Structure formats: C-alpha cells, structure tokens
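Chains as they are written, first to last, in the numbering used here: chain R, 36 to 281; chain G, 7 to 347; chain P, 220 to 505.
One or more hints might be untrue.
[As the list claims (entries may be wrong)] Computed cross-link-like contacts, EDC-like style, restricted to lysine to aspartate or glutamate with a CA-CA straight-line distance of at most 20 Å:
| no. | chain 1 | residue 1 | chain 2 | residue 2 |
| --- | --- | --- | --- | --- |
| 1 | R | 98 | R | 42 |
| 2 | R | 40 | R | 60 |
| 3 | P | 375 | P | 387 |
| 4 | R | 175 | G | 339 |
| 5 | R | 40 | R | 101 |
| 6 | R | 109 | R | 199 |
| 7 | R | 153 | G | 202 |
| 8 | R | 175 | G | 204 |
| 9 | R | 40 | R | 199 |
| 10 | R | 153 | G | 204 |
| 11 | R | 153 | R | 163 |
| 12 | R | 224 | R | 214 |
| 13 | R | 175 | R | 163 |
| 14 | R | 224 | R | 205 |
| 15 | R | 144 | G | 204 |
| 16 | R | 240 | R | 253 |
| 17 | R | 248 | R | 227 |
| 18 | R | 175 | G | 202 |
If you are wondering where the hints come from, they were derived from the structure by calculation, not from laboratory data. Source: prediction; values computed, not measured.
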Amino acid sequence: MEYLKIENLRKTFGGVVAVDNVSFDVEQGTLLGIIGPNGSGKTTTVNLITGFLKPDSGKVLFKGRDIAGLRASKITNLGIGRTFQMVKPFYRLPAFKNLVVPLFSPRVKRMGGHYGEKDTLALDILEDIGFERDSAVPYKPASILPHGYLKRLEMARVIALQSELIVFDELYSGLTLAEVASISPMIEKLIETGKTIIMVEHRLKELFKIAHKIVVLDQGKKIAEGSPREIMKQPSVKKAYLGVEL
Amino acid sequence: MSTERRRERIDRPIKAVTDDIFCLSSMREIAYLVIPRILPIVGLLLLGFLVPTYWRKVIVITFIMGMMALSWDFMASCGLTSLGQALFFAIGAYSSAAVNHYLGLPIYLSIPLGTLIGAIISTACIYPALGLRGIYFSMVTLIIPLMLMRVVETTGILGGTEGITGLTHFPGMFITTTISMAALWATFFGLRRLIDSDYGHIFVALKDNDRAVEASGLSIRWFKVQAIFIGSAICCFCGAFMTHYYMSVGMSAFAVDLSIFPIAASVVGGMGTLAGPLLGAIILGPLSEALRTFGSFRVVIYAALLGTFIVTLPEGLFPYLARKYQQIERWVEAPGGISED
Amino acid sequence: MLVYGFINSVILMMIALGFSITFGISRVANFSHGGFYILGGILTWYGLIKLGLPYFLSAGLSIIIVGIIGAVMYRVVLVRLRGLELSEVIATFSLGIVILELLRGLGVFGYEFRNPVFIDGSVEIFGVGVGIQRIIIVCAGAVLLLILHVFVHHTKMGLAFRGVAQQEHTALSVGINPDQVSMLSLAMGSIMCALAAVLILPLGVISVDEGYDILIKALAVCIIGGLESTLGVLVAAFIIGYIEVLTSMYISSSLTSVIPLACMLVILLIRPSGIFGKSKEIEERV
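Using the sequences provided together with the hints, build the complete structure.
Following this line, the structure appears as structure tokens:
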C-alpha cells in the first residue's frame, strides 16, 4: 500500500484546466519535489491534496484512505501539514503565540507527547527552527518580523502539528542563499526523523540536492517523473522550462 | 527652501519606568498606573447610584448599550463584522419575553434562559453566513434582522406588530442599576481576559489569517460558531434585560439604531480595544438621550458622527487619549521632508 | 403571472444593477444605495411638484445630482478609506442612514409624496392588463443592460474599468488612475440607482422605509447572483422575481418579502459565492 497516492486528480477553474489527470505517489520517508513553470498547476495540486480546494474528480489516497474533498482542518489533523507560498502568520500575535494556535488542534491533543505549558513548547520549537531564544525575536509581533523569519514560522507550524507528511509550497522563494543554506539541513533532518515531504519549488538547484523523486508539471499535466538525475536529462522538461539551464 | 516638520513621539519617562512592574518606587508612579484604571470604575459607581432617577434610567440604558458595543467589538476582532447587532438583541428579547409570558417563569429564570436560548437561536441564524468573510458577512448580517422583522410582522407570531406586553418588572431601581453595572464590568473584564488567553488567541488568529488557522488543524467554522455564541449571548442578555426593564418587547427590538449604536460607540471609542467601545458608549449613551427631542434626527446625528470619526480619527478616542497620556508629542524639523510617523 | 413575474424581475434587476456595477469595478460596497434611491425619487418629486419643472428635466437633474453626490462621496470620504473594507462599509452605511433619516425628519411620509407615471394607461399583453409605466421600465431595463454591455466591452473606458476590477495595481502601472475609475464607478452606480428610482417609484409612494427595503433587495439579488457578475444579477433577479410572484399568488402575499431571505440562505449554504460568482474558490472554502 502506497503512503500517499494521487490518482487522476483534476481541477478546472471556469473552463481553465488547472490540474489535468495528474497521478503520482509518494513513499514514506522520502522527499518528492514538484516542479514546473509558472501556472503549471503546482500550487493547485498542493491545495487539492491539503483540502484547500475540492477536486473535480480523482482521488487522494493517504495511507489507503481517500481524503479528497475533506475539510482542510480535517486533513491537517490526519497528519498532512502544509506551508503557504505567501506567508500567513497571525500578524497581531507575537511569534511564539503563533505556534500556540496549532497546539490547540485535536491532532496535537491526541498525539500528546508534550508536557508543560504551551508557551514553553512553542519557544522550544522556535529555538529549534532558528529563533534565538534569549533574544526578543520570539516575543515580537509577527507583523514586524522579516520575511526569512516568517518562512521559518510557517515551518514551525507544521513541526508543532507533528505532521507526518509535510507539504512545503515554495518554501525557498524570497529567501537569500544563506537562509536557504540554513533551512535545507532542517529539511534533511525532518526526513531523517521519518517524515515524508513534498516540496513545490522553483529553486531547482537546491531542490535537486535533497529530493529523492521529482514530478514535473506543465500546463496542468504531468510530463515527467523520476529521480533528479533522470529528470535533468529529459528533453520534454527542458522544453517546458525553455531557457532555464538545468 | 522650506523645511518640512514632522511630529515626534516619545514615551514619557514615567511610562518607561512603570512599564516594568518591578520599578514602581513612588506614589506618583503608582498613581500614574492606577488612576486611569480606577477612575472609570469609581466614576460609574458614583454616576450609577447618585444621580437623580431620570438620569439613572439613562445610565442603565448606557450600560446595556456599552455591553452591545463590547460584544460588537469582540466579534469584529474575530473578523466577524456585523451590521445587524439588533438581531441578537431582538432574539434575546423575544426569547426571554416568551419564556416569561408563555411559560410564566420568574424574572431570575427568564433572563438567563432567554440569554441561553437566544444565543443558540442567534448562532443558528448566522450559521449559514459563517462561510463568508469581510463585507459579505456584513451584508448578510444587515439583511437578516430586517427580514426577520418582516417575518414577525407578517406572520403575527410572538405578538406580531403589537409585541408581547405585561412582563415581570425588576423589583427596584437599585437592583436594576446594580445588575446592569455588574454585567457591564463582567463583560468587559471577561472579554479582555478571554482575548488575552491562549484560547482567545485563536479568535485573534481567525481575523488575521483564517486559512492559516485551518492549516493549523482547527476548523474555522467551529471557532466562528463559538465566537458568535459568545458575542450573541452578550447581546441576548442585553435584549432580555431591556425586555424586562420596559416590561414589553416589540418590533422596535429589530430597529436599525440598535445595530448602529454599537458600531458608532466602537468607532468613536476605538475599534479592537474593548476599552474604546466602553468609552464610546459612555459618551454616546447620554448624548443620544439628550438628543431625544430631535426625534429621527437623532439617528442622523449618530450616523454623521460615525462617518466623521471614521474619516478624521480612524483610530478612535481611546487610543488617541492613551497616546496623549503616555507620550510626549512635539514637532521637530525633518530635513528631507519625512511625513508623520 | 408570467408577465407580472417578468416585470417584477426587471424591477429587481434595475435596483440591484447599480450596486453590482460599483462593487464589481471598485470593490466598494455602496451601502448608501437605498439612500440614493430615495433621494433620486424625492429630488424628482421636489423639482416636479415644488419647483414646477417639466417631468423629464426634473428627473434628469435629480439623476445627475445623485451621480454627483456619489462621486463626491468617493472623493471626500472613501478615498481616505481605500482598502479598509470595514471602514468603507461603515462610512457608506452611515451616509445612507443620514440621507434616509434626514428625509424622514424633514417629514417625507404620506400619500402626497408620489411621482406621477410617465404616461397613463395600460395595454393588454397575453390577456393581462399592464400599465404603460411598467412597460417603460422593462424597455429601459433592456436598454440599460445593452448600453452597459457595449460600454464595458467596446469602449476604452470600459476597458479601463475592467482593468481596475481585475488588478488595481497593474492598472495603475499602465497609466490608469484607479481612484478616478473608482469615482466614476460610484457615480455610475449612483446614476443607475437614481434612474431606477425615477422609473420605478411612480408605481408607488416614496417612503423612507422603502429605502431600507431597496438596499436589502439589492443585496439579496447581488449575493444570490454573485457579487460582481452582471449576468448573475440578471439571473438572480429573475429567480427572486418569479418566486416572489408565485408566493404571493399561491401561498400568501404577506410572505413575499421573506422569500429573498430564504433564497439567499439556501444559496449561501450551497454556493457561498453565488450562482455566477467566480470569486476565488480557495477563499470560499475556508
């Protein structure tokens, strides 16, 4: 039984086919990269998997159970966490209180595994993700944090949720090379601890270093699938990207 | 060459000192902190019990309106901007009236029951609209009370246009004032506590970013239901209270001015601060009483005031006063012409 | 029944169109719609009865005045609140109330406040007698829709309007001033609103409460149809229009005003963005 299996997923927006019969599967403990030019349906695919959109047809089988069309919060509680391409912090709350919200979720309650106050736990998670604990940063309202911290805050949320399958939607976009270099090891660490990861990414170089498998989308269709090495050789991928050196 | 000037704002030294609780060292500093907190409580106590009877009635109404404003502000800070707070008021009023009139329950049962039943009905009424956000939600909340009013009017249920009359009255003015004042402070401190708690942060998050709340594994619809329940319960209490205060309930419970008042109070006082709406209600309540002779122009003045405030002082009176209290402002020259702030 | 349903629907459409146009272009929900409607009617009445102007002059003038008020409202008030949805709503809502309650305070109440019909008389359609005024309304509605379609799709200004409606910042970068377009959209919405008032009000008495009714009806139609879709407004108007007529004929005329509410709640439960609302599905699901 596959861990996550996408079968003939299809989504149209008023005549425009955003995702057209896409199928692929993800094995437990691996990192799948989804790439493709702008408008190829990557983010839509993520939204379909995580329940933020309802597919027109097709199945999303998570550990054998069809989760397509369930509410996003339900899917999150089943163990699929996601980040957003455009960061979505709670601007009026301090950074560490941003993590207190997911700590209220039924999933965290069910998983247990933490003692003490939610605040302490939130600060612990933030420290792991690169917020200096003794500094003022975790206590600042999210509205004044720089972009790099907000991206980490997005990551921290899925960690707080103890998600087993994590979907990163363009995590690296808008980050400097140094920031990418500091986040990549964290992702590798997540895989080492047994998490499964789907990454939608434009920064191919960084992605290919850590991905086990790549799915290429173009205009809503899957045009290639395979290991990073195989993908780089595919002429159809080059054509889709046209001008992007791989 | 003209030099631009900008306004510079600096915290008063005493504010900087008293920000840290460990540094309180003089009576002056203690007074700086305590006076703005004690003053309104003592002031309202004196006002509530010492003024002549006629004005005491006004003050009771002001308290109730203050609670409506608090409830509106709470819901607005959860991202649920209602233009029809009268709906909750009316449902609460009719529920407690029905309980009192048809079932013959005494007043100390009919008000709590009316509040509870009313909050449940209100939440059910608003439930279909909970999938909507921002102005879409506002539009629907504007429509529902006016439509429900039509239903009561045309079908003649619950007394129709006549309303329900002859309800039990409060035992005395002293008790009325006490209950309304206690309820007001309980609402104020309760809501403030709620917003500051971890549980309350979910409501704040709801407005900031509902998709991220969903991605945090929390069903936003469920938390919106809770927010509406809390908010409407407060209004339903107001409705139930006023019903017994007037000993009758009628179509006027749905009136537009009941929806406008909480908004006006919040905007004048400062949205999202809880203390602001309270201040706004305390200013607008007596004012509207003084304007009673103007009849329908009263609503005009309200609405005009509302419009003026939202354009000229969008932050509201309370944050404005708080700033004046805590900061020194002065004009300094800004080479290069920096605009204010 | 068929005929009356049709007329009723066109009336609803005319009422809702102004609101929908303004919202569709500038995203300003003009809650003073009802106020403008009654203002348009009462100005016409004032010009006609008190000043003794010819009917069409007075009607034209009042339409222009209301249009100007709409534009001024944008210039003076809304331009400072752009983007703050809540403040926009409160500002327009309070202006609408100021207009309506002011008129009430000035004593607009009673049978004397009544515009005469354009042409008296009636004709028979499918065996039903129909007042000429109603026929004028239907024709005007059709012409209005046609003009609107041509304007939006075949003129430069229409293109600018659509540009601002879709992406304000991009429109700004190609030299369209969104503020100007928004102001025009408000003026247009107000003009349509006053036009509807001039055409429809002769059928009844001008009353302040009607102003609130109009706002509710316009909102209900727009919500059911999908807020920014003209086609949606048309379809929703016909749905509500016919259901209203059917209810008053077969169930009870007193329930007519409840029907839009019921329709709206049902639609909201099934499709929150309305029948033709293309608004982002992602947002709607959350």
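Structure versus earlier hints, numbers of those that do not hold, lowest first: 4
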